[in-house]
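Colleague: Quick note: the sequence shown uses numbering that gives the first Met the number 0, first residue 0, plus one each step.
Some hints could be false.
[To be verified] Pairs of lysine-lysine, PhoX-like flavour, derived with a Cα cap of 20 angstroms:
hint, residue 1, residue 2
1, 101, 35
2, 102, 35
3, 167, 35
Calculated from the structure, these hints are not laboratory results.
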Amino acid sequence: MIASDLLLVGAEVSVAFAGFSGIIATFQFRDKTTVKRGDIVALTMIVYFSLLCAFCCILPLLLSIFGIEDATIWTICSVFGAIVMVCCMYGVDRGMRNAVRKKSLQLLFGTMQGVAALIVLFMTLNAVNVVFHREPGPYIVGIVSALALAGYMFGRLLLRPLWRAVHKQETANLSGARSG
């Protein structure tokens with residue numbers, strides 16, 4: 000599979016995540032009077048990451064239409080990808096700062112920030128032709144990692160209300176068994 004195939008698949012998956020998360024959010028938050036900050040930040044991350052990934056997947060294809068050499072395309076894309084990744088890292092940190100209280104989630108977001116920092120480093124090295132030689136690898140790894148994060152957040156958006164309902168039902172069953 001060549002880079003253009005991966006980019007097209009990435010664009011399709013990105014648009015699917017953004018669209019389906021919007022549909023799920025519409026139905027989940029329709030009847031709620033209070034919504035938690037973490038839920039909104041997670042939804043925002045899914046939509047932003049997905050749409051940015053879709054654009055990042057299309058960017059190299061658009062540049063190649065103009066006859067730009069591959070090395071130049073991957074330099075431009077790596078610089079753009081590193082900037083986007085830093086902006087996303089900042090946005091996630093700012094949005095989740097007061098929303099995450101559990102140690103496990105703090106560890107998860109810390110790990111995510113560390114991986115993102117490594118990817119920014121790889122893209123920067125790719126752009127300056129050190130270690131990586133202006134190739135698609137670091138850029139595509141950045142897209143895949145952002146899509147993996149969007150997929151994880153999508154799974155949480157989809158499954159978290161179900162687990163809350165199960166927990167509520169089990170709690171009600173336990174309290175009913177104790178009183179009866």
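Colleague: Between residue 102 and residue 35, is the straight-line Cα distance small enough, at 20 angstroms or below?
Modeller: 18 angstroms, holds
Colleague: Taken at face value, is the distance from the CA of residue 35 to the CA of residue 101 at most 20 angstroms?
Modeller: Satisfied, since the Cα-Cα distance of roughly 14 angstroms is no more than 20 angstroms.
Colleague: Is residue 167 close enough to residue 35, meaning Cα to Cα at most 20 angstroms?
Modeller: 17 angstroms, holds
The earlier numbered hints are all upheld by this structure, with none contradicted.
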